[in-house]
Amino acid sequence: MEFFNNLDIGFHAALSLNNLLFCFIGVMVGTAIGMLPGLGPLATIAMLLPLTYTLEPVSGLIMIAGIYYGAQYGGSTTAILVNLPGESSSVVSCIDGHQMARKGRAGAALAIAALGSFFAGTVATLLIAAFSPILAEVAFLFGPVEYFAMMVLGLTAATLLAHGSFIKGVAMVLTGLILGLVGADVNSGTYRFTFGSFSLTEGIEFVAVAMGLFAFTDIVANIRNNQTREVTAPSLRSLTMTAKEFRQAVFPAVRGTAIGSLLGLLPGGGAMISSFASYAIEKRVSRRPEEFGHGAVAGLAGPEAANNAGAQTSFIPMLTLGIPSNGVMALMIGALMVHNIAPGPYVMVSNPEIFWGLIASMWIGNAMLVVLNLPLIPLWVRLIQVHYWVLFPIILAVCCVGLFSIENRVLPIYIAAGFTVLGCLFWRMRAEAAPLLLGFILGPLMEEHFRRSLLLSNGDLAIFYRSPLSVVMLSVAAVMCLIIVLPQIRQGRKVAFEEEV
Amino acid sequence: MCSGHSARPAACSIYANEVLTVIFKTNGRADIEAGLFFTFFGAATAALSLQYRMGTIAAMGPGMFPFILGLILAVLGAIILVKGILGGGEEARPLPLWPTILISLSILVFAFLLLTVGLLVALPAQVAIAMWASEHFSWKRVIALSLGLLAFCYGVFVYFLGMSVPLLAV
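Keeping their order, the protein sequence lines are chains R and C. The letter at position 420 of the first sequence is residue 420 when you use this note's numbering, and the numbering goes up by one with no holes. The letter at position 3 of the second sequence is residue 3 when you use this note's numbering, and the numbering goes up by one with no holes.
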């Protein structure tokens, strides 16, 4: 009964005219930007975050969430029509989705992607509503020791599953943790690493970090990249799928939803891994594996459902534990903190309208995507052909004005310029920037819990081995680190990511 | 390279050109550079932490946690560096030099001009400098984009969201 009660609170919040509008804006902007070349969900959200600061917390979060799954969907559309993934989680959709388009089934492919995503989104929304309260109950039992252990585990797993070298990922997490410590120390009030600047006492503005590392660095990386895009445009009449295609899509979509929901829960999991896993499984269970790569319906429906389910269930650890499992969730946590809401199990109790409103809006947003996007395909097709030289000045200017508008100061803009240079160097050094962002968000929290644990134990480090939960989490993290050193598995991981390039 | 294509600022001397070519264009090993960066950043953090009170393990001062992080990072950096020197490292991506400089510069110029002159100048200046980094530079495009963006930023930030962005800061 409580389950329905909660959903009722959620729909009540999400269905207000205002929030519906922001959900709509988020979904549309997200789709548009997900389709554009060289602008992933992380850069998009970073760019639009300042806009959400002036909104009510619920509206702001609903809009950001809308951008996230809108971008997911937009990425698949580009994958199917142009054979270029709009973003990393739709890489797999290129394989069979584009083949379908070339056989004249572009409309059907888009419809399968949309309906598969919608089905997965519905199931994932129900799962979040059902399991978040349970997970939050567990989180209430956590003390500082368990929290610290969980952060270590979360960061390790997120780094392990992100692509790129593992050791450089860990180094990036540490760099992020250190950068997160800039500003006043919570316990003593000492200003750390501010170099005498009063403006830095509140820490480095995290939107500036995100914009510099993602939006601006992407511009530098893409500016000389002149890809010509050939669009296989579908006619509107071909949007309907045949009964046979529908039958072929049903079971893969169900399986994809299950895989995605599960993998999204894991730290470091989410949309991309889910879609890869689903494709591999569909290929294995298929009775006609030779069709894969030549327009197999199952090879599109499965991964599409999986990436949407994964994108959505990755909200669970963020909402209940306050632990971001990927870069997008790190930005969501940052957005919550701006509104003075500390992410964690207490959000559900103290701000039920935010928690349940966000969940209800996910379902509404998914429904909007299906209803609005299919008829708008001609518009999207034109958008895909926008030149990059039009795009990047827009990104730059909107980001810079946004940075200024956060606090009417130019300091965040200067910081963003610094992180642009840093981001370019990281790009050159093949060091992934997303782990840095996770560390940056978790830095102060991790220090807090570490210090409090040792204060409780009176300086005895063994406290981390006395709590059974903490032992389990730290051991899993240690095992993960060991596994990555073994060459055999490192090879397997390399192969898994090579398909993407 | 200073002159990737014709409309490039030709201010740099041949010598500087060669040095920059070595730094930015040679496909050196990514891990050597990353190792150096992390070692230096970690060591600097640990060194700077020393100026803050360390405290004891039980009652940590503000210097302890960053000191520990800095040390671990420096060690990891050293491992990455050694891996790079021994030849197991990854190849670096070729970073386009002029876009890196021009895009960063355009952001700095925007920040500087926004409060001294105002958005009406800062935004077109940014667009012009940033466009210079692209092969598609033309004054017509700069003007068109600037006008469009000024209208958009004014509409969204000032009119719709009610933020105070100085159009002309005199």
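Do not take every clue at face value.
[Stated by the list, open to error] Pulled from the structure, derived: some chain R residues nowhere near chain C, Cβ distances all over 12 angstroms: (1) 57; (2) 94; (3) 134; (4) 136; (5) 189; (6) 255; (7) 387; (8) 399; (9) 410; (10) 446; (11) 448; (12) 456; (13) 479; (14) 483.
[Unchecked claim] Covered stretches of chain C, going by a simulated chain R footprint (3 or more residues, C-beta under 8 angstroms): (15) 33-47; (16) 155-161.
[What the hints assert, rightly or not] A few chain C residues that don't get close to chain R, going by computed Cβ distances all over 12 angstroms: (17) 75; (18) 85; (19) 87.
Everything labelled a hint here was simulated from the structure, so no lab data went into it. Every residue, glycine too, gets a C-beta built ideally from N, C-alpha and C.
Practice prompt. Sort out which numbered hints this structure fails and list those numbers smallest first.
Written response: Of the numbered hints, 5, 7, 8, 9, 10, 11, 12 and 17 do not hold.
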